[in-house]
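Engineer: Read off the chains here:
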Amino acid sequence: MKYTHTGLTNAEVQLYRAKYGSNELEMANQESLWSKLVGNFKDPIIIILCVALGLVLVLSFFGMTEWYEALAISLAVVLAVLVSTLSEYKNEASFRNLQQEASRILCNVFRNGNITKVNIGDLVRGDFLLLQSGDKVPADARIIDGELHVNQALLNGEPESIRKSPATEPRKNDDSPFSNSRMVFRGSVVDEGEAVAVVEQVGENTIFGQLNRELNIKSERLSPLQVKLADLATLISKFGYIAATIIGISFMFNRVVIAQDFDLNLILTYLQDWRVLVQDLLNAIVLAIIIVVAAVPEGLPMMIAIVLSLNMRKMLAEKVLVRKLLGIETSGSINILFSDKTGTLTKGSLEPRYLLSGNGQSYMGYDAIPEKLQEMVRLAILENTFSVLNPNGEPIGGNSSERAIVKFISPEKRSYFHSRSVHRNVIRFDSSRKFSATEVEGDDQFKAVFEEPVITLVKGATEIVMQNCTHFIDETGQRQPLNKNQEEKIMESADGLAEKGIRLLTLAYGSEGIDKEKSIPKNLTLIGALGISDEIREESADAIANDFRAGINVVMITGDRKGTAIALAKEMGLLKNAEDIVLSSAEMNAMDDDQLVELLPRLRVVARALPTDKSRMVRIAQSQGLVVGMTGDGVNDAPALKMADVGFAMGNGSEVAKESSDIVILDDNFSSINNAIRYGRSIFKSIRKFIIFQLTVNLAAVLTALLAPFFGVEFPLTIIQLLWINIIMDSLAAIAFGGEPAISRYMEEPPIKRDANILSPYMIASVLTGGIYISVVSLLFLTVPAFKDFFIRNGAFDIEVFMAAFFNLFILMILFNGFNARTEKFNLLENIRKTRGFCG
Amino acid sequence: MALIIIIQVIITYVGDEILRSKPLLLTEWLIIIAVAFTIIPVDMVKKWVFGFYGNKGYI
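So the sequence lines, in the order shown, correspond to chains A and B.
Letter by letter, the first sequence follows residues 1 to 840 of my numbering.
Letter by letter, the second sequence follows residues 841 to 899 of my numbering.
In isolation and in its complexed conformation, chain A is listed as follows:
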């Protein structure tokens, strides 16, 4: 326990918040509903509709059309704009809110005499922050205790981290506030160290807050899928314009030539009546415009935002937080997934089960250890940790192993732990050093146990610490020389335990201090080794099997020794075949890229991995054209997360890792990564289904309107009817298809190719089948006399009833085809209950 501060009381927090403001930042670039509305009125389709409206108004002014036609068009214009603006706005807003809510950042603060986790928005001026490596600095604050290396790249672009401490150092000769060595600033990242800092500026008054206001954060660029959809929409629009021109011309041809029975004289008489001619010409233009409106799928590029926001809540329920749109889209294409072991594939609860002492004795649980040794273990753990205890004795902060080791001590023995020892120097644990150390100038209690005023406590990987051990503590607490035989025995049992998936973490101490290079001290005395086991998550084996079926290669990355890694990988079903390969980091580094490329398809486990290995593996996999998923939680993982096609950060991980990621896995669970991939695939499929549905409608409407005049039906669908069809297709149907659930069947297919065409052969066949069939049935219905016999009113055929029936027939066919589009299976009602919005 390094720091204790009382911090502010709740009353003070309220007072300061009222006085100095809160730490919330306003979101810079929220497009208002109004500006969206104006933007949507500029949509080309809307402009075209307005032209149509103008023409129709002119016609009705001369009494050539009914007044309601103009009204209906204006209604359609307003409705189309309103519906699309509202749904876009609502979906975007809910997406952003959920994202913000779930990505709230917590920080450690001293309040009411305890250390607590507080949402950064709730910080006030005067709060005492505890900053540790991997934290994001939540406000501008002055360091009062400890030392930090912070990276201020976000603020000033400097990539190197600089030292910050309470000591007043002469200011460098520049005006930049960032060179102040006592202040840390919101938005910077703690690379190393630990410190307590007092908040001086909050919210908009921080430098970051001011920048944020000025900068107006850039909006996310279009994702490849959005680009593909926009391209498709443009292509179809062209087709629509051509079809509209043909329909317009054929309408005129019908009027001028066919309606005059191909009689030249009649044609000439027709042409002489300019009033009729102009009216027909204007009608042809309006018709063409409406065909354009019906054919252009203006809702298509919007589709992905709708699908995503409809799925956001469901994904959050399955612990998937999408930070970047691109991430969820690409996750459907992942074909190699590198996953951390600890906390992701395993529970990460890391239970230390027993202590192995230097003479080979093992003690099950803390209470079984003899008194003197027990006290040594306790101090060696509590004085050499980056975890901080809250009043209940629960460890906060530090890494997962540190928290686990603290938990080895019985709760009552840790909750009242107070020490006046001074920590002169520390080495933080990191995965390349594989040990941590603290140089302690002990208080009386400490000196009584270790019998020396200043000692260095070391804990770390057994093979690293054991190398430097010369003595050990026996069961009576006496220091004894360690002979080769005993050392070998300990290493042997470490190997044996590794085969069972149990990791040993060794505690030792020495009288040498910590040197400048931060190398491991020599002449250590072994206190004991803690056997830590990490249970595999129950879901992991299934999830891994699922991934292999889905054509995704899973590679486990672990800091464990090879033996431990193999044992765990076998248990998870990751190692099944004789050809599967397990590499240690050292073996990997001995190979060149070409060798690794060759092994990659069979690689299953990387043991004793270093953070740099991750980046290399991402690079090599990408060079083979693979779409790479990578998990990470530490500061060191950030480069690999950024580099990977989809970076998954863990909810419990550092803020820096989350910042670099595309998707945050809130429960750290490997099976939730699977959910993300399943959603990625399903969203892509939902969009394809919607395209099938919409294109079928477009094709059917255009074909029917084009061909019917040749069979004597001038307007099979009126302008207003076409507009109505257009509205259902673009808005309501998008919602219906967007609500499709994430279907596990899609995990049995190979990954979607990243450059896959948005139109698959299946889709083209579906659109052609549906579109052509609907138009053929429409034409048959309109022309075959047998149908007309059913629509009798007052004993005679009623054309108005017949045409109303035809309109309903057309709509019903479209709706029935919606069920066809839902699935490629024969069971059209598959998952229909889970599909929010399809029926309701």
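Because the hints were derived from the structure by calculation, they are not lab data.
Any given hint could turn out to be false.
Pairwise CB distance ranges (calculated) [said to hold, decoys possible]:
{"no.": "1", "chain 1": "A", "residue 1": "Asp273", "chain 2": "B", "residue 2": "Val885", "range": "48 to 56 Å"}
{"no.": "2", "chain 1": "B", "residue 1": "Val849", "chain 2": "A", "residue 2": "Ser60", "range": "46 to 54 Å"}
{"no.": "3", "chain 1": "B", "residue 1": "Val849", "chain 2": "A", "residue 2": "Gly625", "range": "46 to 54 Å"}
{"no.": "4", "chain 1": "B", "residue 1": "Leu843", "chain 2": "A", "residue 2": "Ala786", "range": "30 to 38 Å"}
{"no.": "5", "chain 1": "A", "residue 1": "Phe710", "chain 2": "B", "residue 2": "Val849", "range": "53 to 61 Å"}
{"no.": "6", "chain 1": "B", "residue 1": "Phe877", "chain 2": "A", "residue 2": "Pro750", "range": "29 to 37 Å"}
{"no.": "7", "chain 1": "B", "residue 1": "Leu843", "chain 2": "A", "residue 2": "Asn392", "range": "47 to 55 Å"}
{"no.": "8", "chain 1": "B", "residue 1": "Leu843", "chain 2": "A", "residue 2": "Glu579", "range": "49 to 57 Å"}
{"no.": "9", "chain 1": "B", "residue 1": "Leu843", "chain 2": "A", "residue 2": "Ser74", "range": "19 to 27 Å"}
{"no.": "10", "chain 1": "A", "residue 1": "Phe253", "chain 2": "B", "residue 2": "Val885", "range": "46 to 54 Å"}
{"no.": "11", "chain 1": "A", "residue 1": "Asp580", "chain 2": "B", "residue 2": "Phe877", "range": "47 to 55 Å"}
{"no.": "12", "chain 1": "B", "residue 1": "Phe877", "chain 2": "A", "residue 2": "Pro601", "range": "48 to 56 Å"}
{"no.": "13", "chain 1": "A", "residue 1": "Glu535", "chain 2": "B", "residue 2": "Val885", "range": "47 to 55 Å"}
Backbone N, C-alpha and C fix where the C-beta goes; we use that ideal spot for every residue, glycine too.
Start from chain A and add chain B according to the hints.
Structural biologist: Then chain B, alone, in the frame of chain A:
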């Protein structure tokens, strides 16, 4: 989708001239439903044909 159907039926009865609509009798509804429904078996045939193409049979 149900929403679309409900609106559609309402329009049929109140749309009148604007949507060129007229109330339909039950038998007339049954006829158009039956005719429209044929699109489902037709699409089934397409799915069945596509079933032979392995991976290409996916949406």
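Engineer: It remains to establish, for every hint, whether it holds in the given structure.
Structural biologist: So, going through the hints one by one against the coordinates:
With their beta carbons about 50 Å apart, Asp273/A and Val885/B fall inside the hinted range of 48 to 56 Å. Take Val849/B and Ser60/A: their Cβ atoms lie about 29 Å apart, and the range 46 to 54 Å is violated. With their beta carbons about 53 Å apart, Val849/B and Gly625/A fall inside the hinted range of 46 to 54 Å. Hint check: Leu843/B to Ala786/A, Cβ distance near 34 Å, so the stated range 30 to 38 Å holds.
About 31 Å separates the C-beta atoms of Phe710/A and Val849/B, a value inconsistent with the hinted range of 53 to 61 Å. Under the hint 29 to 37 Å, the C-beta atoms of Phe877/B and Pro750/A, about 35 Å apart, fit the expected range. For the pair Leu843/B and Asn392/A, the beta carbons lie near 52 Å from each other, so the given range of 47 to 55 Å is met. The hinted range of 49 to 57 Å is satisfied by Leu843/B and Glu579/A, whose Cβ atoms lie roughly 55 Å apart.
For Leu843/B and Ser74/A, the hinted distance range of 19 to 27 Å is satisfied, since their beta carbons lie about 23 Å from each other. About 36 Å separates the C-beta atoms of Phe253/A and Val885/B, a value inconsistent with the hinted range of 46 to 54 Å. In this structure, Asp580/A and Phe877/B meet the distance hint of 47 to 55 Å, their C-beta atoms being roughly 53 Å apart. Restraint check, Phe877/B to Pro601/A: a C-beta distance of roughly 49 Å satisfies the suggested window 48 to 56 Å.
A hinted range of 47 to 55 Å for the beta carbons of Glu535/A and Val885/B is consistent with their spacing of about 52 Å.
Of the hints listed earlier, those the structure fails to meet are numbers 2, 5, 10, in rising order.
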